[in-house]
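Chemist: So the chains spell out like this:
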Amino acid sequence: MSADPALSPRRSLQSRVATLVFVAALLVFPAVYHNPFALHMMSLVAINAMVALGLQLLFGFSGQLSIGQAAFYGIGAYTSGLLTTKLGVPFPAALLASGVVASVASLLMVPVTRLSGVYLAVSTIGFSILVHLVLMNEEWLTGGTFGLIGIPRVSLFGYTLRNPAYSYFLCVGCALAVYAALVRLERSRFGRAINAIRQNEDAARSSGLAVTYLKSQCFVIAAFIAGLAGSLYAHQVRYLAPDDFTFWKSIEFLFMVVIGGVGSLFGAVLGAAFVVLLPEWLREIGDYRMLVFGALIVTAMLFGTRGLAGVLAATGRALGALMRRAAASG
Amino acid sequence: MDQAYFLDLLVGGLAIGCVYSLVALGFAMIIRATGIIHFAQGEVLMVGSMSGLSTLWLLPRLPAVAVMLIAMLASGIVSVAMEFFVYRTLRVRRIPIMNVITATVGMSILFINAARIIWGSEPLRYPDLFGTLAYTFAGVRISPQLVWIMVMGLVLMGILQLFLKYTRTGLAMQAVAQDPDAAQMMGANLTRMMVYTFGVAGIMAGAAGVMVGSLFFSFFQMGFIIGLKGFIAATLGGLGSLAGAMLGGILFGLIETFAAVFVSSAYKDGIGMVLLIFILLASPSGLVGLWKRRR
Amino acid sequence: MADALLEGRGLTRRFGGLVAVDAVDLVVKEGTVHGLIGPNGAGKTTLLNLVAAFFPASAGTLRFRGEDITRHGPAQRARQGIRRTFQNLKLFAEMTALQNASVGLHASNAAGVFDAIVGTRRHRREERAIANASHAALEFVGLGQYSDVVAGALAYGHRRLLEIARAIVARPTLLLLDEPAAGLNATEATNLSALIHRIRMQGTTIVLVEHHMDVVMSVCDTITVLNYGHKLAEGTPSGIQENPEVIEAYLGHAREPAHAGA
Chain A
1 MSADPALSPR
11 RSLQSRVATL
21 VFVAALLVFP
31 AVYHNPFALH
41 MMSLVAINAM
51 VALGLQLLFG
61 FSGQLSIGQA
71 AFYGIGAYTS
81 GLLTTKLGVP
91 FPAALLASGV
101 VASVASLLMV
111 PVTRLSGVYL
121 AVSTIGFSIL
131 VHLVLMNEEW
141 LTGGTFGLIG
151 IPRVSLFGYT
161 LRNPAYSYFL
171 CVGCALAVYA
181 ALVRLERSRF
191 GRAINAIRQN
201 EDAARSSGLA
211 VTYLKSQCFV
221 IAAFIAGLAG
231 SLYAHQVRYL
241 APDDFTFWKS
251 IEFLFMVVIG
261 GVGSLFGAVL
271 GAAFVVLLPE
281 WLREIGDYRM
291 LVFGALIVTA
301 MLFGTRGLAG
311 VLAATGRALG
321 ALMRRAAASG
Chain B
1 MDQAYFLDLL
11 VGGLAIGCVY
21 SLVALGFAMI
31 IRATGIIHFA
41 QGEVLMVGSM
51 SGLSTLWLLP
61 RLPAVAVMLI
71 AMLASGIVSV
81 AMEFFVYRTL
91 RVRRIPIMNV
101 ITATVGMSIL
111 FINAARIIWG
121 SEPLRYPDLF
131 GTLAYTFAGV
141 RISPQLVWIM
151 VMGLVLMGIL
161 QLFLKYTRTG
171 LAMQAVAQDP
181 DAAQMMGANL
191 TRMMVYTFGV
201 AGIMAGAAGV
211 MVGSLFFSFF
221 QMGFIIGLKG
231 FIAATLGGLG
241 SLAGAMLGGI
251 LFGLIETFAA
261 VFVSSAYKDG
271 IGMVLLIFIL
281 LASPSGLVGL
291 WKRRR
Chain C
1 MADALLEGRG
11 LTRRFGGLVA
21 VDAVDLVVKE
31 GTVHGLIGPN
41 GAGKTTLLNL
51 VAAFFPASAG
61 TLRFRGEDIT
71 RHGPAQRARQ
81 GIRRTFQNLK
91 LFAEMTALQN
101 ASVGLHASNA
111 AGVFDAIVGT
121 RRHRREERAI
131 ANASHAALEF
141 VGLGQYSDVV
151 AGALAYGHRR
161 LLEIARAIVA
171 RPTLLLLDEP
181 AAGLNATEAT
191 NLSALIHRIR
201 MQGTTIVLVE
211 HHMDVVMSVC
221 DTITVLNYGH
231 KLAEGTPSGI
241 QENPEVIEAY
251 LGHAREPAHA
261 GA
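Residue numbers (the working numbering), protein chains in the order written: chain A, 1 to 330; chain B, 1 to 295; chain C, 1 to 262.
No lab work stands behind these hints: they were computed from the structure.
None of the values given here were measured: they were computed from a predicted structure.
Ideal Cβ positions, reconstructed from N, Cα and C, are used throughout, including at glycine.
One or more of the hints may lead you astray.
As the list claims (entries may be wrong) - Derived EDC-like pairs (lysine to aspartate or glutamate); straight-line CA-CA distance at most 20 Å:
#1 Lys165(B) to Asp179(B)
#2 Lys29(C) to Asp68(C)
#3 Lys29(C) to Glu188(C)
#4 Lys268(B) to Asp202(A)
#5 Lys86(A) to Glu138(A)
#6 Lys86(A) to Glu139(A)
#7 Lys268(B) to Asp8(B)
#8 Lys268(B) to Glu201(A)
#9 Lys90(C) to Asp148(C)
#10 Lys90(C) to Asp68(C)
#11 Lys29(C) to Asp148(C)
#12 Lys90(C) to Asp243(A)
#13 Lys90(C) to Glu201(A)
#14 Lys29(C) to Glu7(C)
#15 Lys268(B) to Glu139(A)
Claimed, not checked - To give a feel for the contact side, a few chain C residues facing chain A, derived at Cβ under 7 Å:
#16 Gly66
#17 Ile69
#18 Arg71
#19 His72
#20 Pro74
#21 His106
#22 Ala116
#23 Ile117
#24 Val150
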């Protein structure tokens, strides 16, 4: 057979082209839609997509259902907000610090990675609630329910990013970097290991994998990414309130992953776009939009699809088959 | 701490504990029968609470027990409807468990927002259901509400136990929960048992909803945190154990009430979370599991 | 005289009130193929699971290469060179055969998360080595042409072979095979015997739990017979076959026909 055995499936030409087209579209977007609101929304999509990607690693790859990512997102946001407003720390350092603080906080979850399924999920819910309580009650630190105001815009090397297109590029750039990193991870020994753990933990252990350690690593990585996203969020909206980071936000992140397609990195991005943008499109129906949102969720689940990514893939395959047939009869 | 205060806290803790027990029982029963965590159980409680309130608005002089029964009926129906429209479809189509859990969360969102549209977003006061004269016990004055809640809670739990142990339907429900295949072979109708299970869980939640409404107030998001605490209580007792659910609820109510005083009332909700995490780390099968292992 | 690679003394496992394995001594000599047989429920797989630390022993000690490993968990034992297969096949169903095999090499490599993301030379070097070694293991068991097939899509017999490939890819010192012939037809069983022989020729010591008597008798040097959790007899294949107690234990089951699976 092949002289060079392939541990990871080779990416097809179509896939590479599609990626290129997608990235190009992202880069060109601000030129076409210079409306600041649209750019702001897309920045939010990118920010949320980052957290969703981290959750995909945690849930889709290693199989750990965490409904507490909003906690790390919030920790990152407040860390960055506080460092820049109270201590005048420059943005790049604040960004990094957000990731680090969030991942240190996630170490509290390490003992919990021993638990499985439901119990793990409930523990993460508890953690999310605890963090929210701290954000709400410790006014001296976080401003409590009054929130944290006056967070400065992103400032890189002395240049403040006033143009919304620049913060768009920053957010999209970070999201793309996270995406690329996770693609690499997925195709590595680490990626195979955590997938193995998800598919059969006993067999993984018997093959010598340090299961708890690997699972914890996933938590830390996902938290780090969520922390980074939180920092970007803080400087994007420039005002933080504890109610931005409740359990319901964690649920939103989970939705993004499930709707986009569990196990698909691109799906997490699609899911983020769906969850962030849909309520905006539904805004016309006002009070009823969350209702419709909930109903859509239920209906989507009833059909048990492999998420938006699955639908996209199926469409792609169908199109490909059509084109081949057309070319053959051509 | 003086005796009166202590007794106050004790009664308060027991009362809220009874509420948690009822919710926990619902979780436990559904998990035993279907393996799913019925995230929307809290919303069922909320529906019961709101229905009771609306009933009182329509018929202000209706006695407490009647209000309860109506609320229980409403929540029972809602719970069964959930089973019929959502869970049954999920089971029949063999949808993966993650999608099921997401669907139940979606249902929660649906119900919470529907409630907000129907009843508004302000907390709503329950009119006094149980009279205002305080009972006196051992020289201490206790609110009649708390006593009534405890009594009704315990009565309901007692009836449930009797139902499960001594009626054919109850036994069939238990059989289905333990081993659906064997139960079916013995003639139990699986679908009907599912309906009953959800129905009973809904009834319990509805009663709890009225209790909470009269203790505190009703509002559209009340189901979430109470549902979560009921779930914690069920986990404390070991998910899937009915006795554990009841004990867990009462225990959790007591711990929460006393800890709020001794630790911090702002973090009252957090106490439950911390407790939960510690219990799970010590023994994933809850306190009942720990106890069983010691024997 | 071969040394004792594995020494289990007084190994016991209780499940509630049931004693599945009762104070069994097991000594496995280096370089041998050691069979574990007995009627259903005798405790063979349980004993194997104790050696693999699938669950902890209720009592007893275990020494491997002279070192006390009683407290070591399954992952640690795997890293020390004890690998196993499962009776009920625990493959990674969504991964290809090659990827399945490669998981066995996880613990022998060092490139971490950072290396993977950045794409360091160490990472690329290790990935190539893993790919080659995994493919070699697949070829060794006869699955070379299936390396890109998803494990869930493989035929049953091939899945059993894949399970073995994953267990041997890291050249374990001790290989524990749990009913590898279960459900195999006569040809496949013969091939399995040959494979076990080839593995032994590479220097791996093997403990084999098996019902399929043709396989057992043809590859084993020593056989331990268990019954109701006790050691009933131990000896060479011919000795065991003539042992009256062993025959009586199997009485009513007769000699297992060639197609008997688990």
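Chemist: All the hints need checking, so say for each whether the structure fits it.
Modeler: Hints, one by one, checked against the model:
Among the hinted pairs, Lys165(B) with Asp179(B) is consistent with the structure: their alpha-carbon atoms are about 17 Å apart, no more than 20 Å. For the hint pairing Lys29(C) with Asp68(C), the CA-to-CA distance comes to about 16 Å; that is within 20 Å, so the pair holds. For the suggested pair Lys29(C) and Glu188(C), the alpha carbons sit about 27 Å apart, so the restraint of at most 20 Å is broken. Simply put, Lys268(B) and Asp202(A) have alpha-carbon atoms about 39 Å apart, too far for the 20 Å limit, and the pair is violated.
The hinted pair formed by Lys86(A) and Glu138(A) meets the criterion: a straight-line CA distance of about 16 Å does not exceed 20 Å. Our distance criterion of 20 Å between C-alpha atoms is met by Lys86(A) and Glu139(A), whose separation comes to about 14 Å. Proximity of Lys268(B) to Asp8(B) is assessed by CA-CA distance (about 17 Å); at most 20 Å being required, the pair is judged to hold. Pair hint Lys268(B) plus Glu201(A) does not hold up; C-alpha atoms about 37 Å apart against a cutoff of 20 Å.
Taking the CA atoms of Lys90(C) and Asp148(C), the gap is near 18 Å; set against the 20 Å cutoff, the hint holds. With a C-alpha separation of about 28 Å, the suggested pair Lys90(C) and Asp68(C) falls outside the 20 Å cut-off, and the hint is violated. Using a Cα cut-off of 20 Å, the hinted pair Lys29(C) and Asp148(C) is violated, with the two alpha carbons roughly 37 Å apart. Distance restraint check for Lys90(C) and Asp243(A): the Cα-Cα separation of roughly 44 Å exceeds the 20 Å cut-off, and the hinted pair is therefore not satisfied.
Distance restraint check for Lys90(C) and Glu201(A): the Cα-Cα separation of roughly 9 Å lies within the 20 Å cut-off, and the hinted pair is therefore satisfied. Pair hint Lys29(C) plus Glu7(C) holds up; C-alpha atoms about 9 Å apart against a cutoff of 20 Å. Between Lys268(B) and Glu139(A), the direct Cα distance comes to roughly 17 Å. Compliance with the 20 Å bound is thereby established for this hinted pair. Proximity of Gly66(C) to chain A is violated relative to the hint, the smallest CB-CB distance being about 21 Å (cut-off 7 Å).
The criterion of a C-beta within 7 Å of any C-beta in chain A is not met by Ile69(C), whose closest approach is roughly 14 Å, and the hint is violated. The interface hint given for Arg71(C) is broken, as the beta carbon of that residue sits about 16 Å from the closest beta carbon of chain A, more than 7 Å. The closest approach between the C-beta of His72(C) and any C-beta of chain A is roughly 12 Å, which is over the 7 Å cut-off, so the hint fails. Annotation: interface hint on Pro74(C) holds; nearest CB of chain A at approximately 5 Å, less than 7 Å.
Evaluation of the His106(C) hint against chain A yields a held restraint, the C-beta minimum of about 5 Å falling below 7 Å. For Ala116(C), the shortest C-beta to C-beta distance to chain A is roughly 3 Å, which falls under 7 Å, so the interface hint holds. Given hint, Ile117(C) at the interface with chain A, holds; its Cβ is 5 Å from that chain's nearest Cβ, closer than 7 Å. At a threshold of 7 Å, the smallest CB-CB gap from Val150(C) to chain A is about 10 Å, leaving the interface hint violated.
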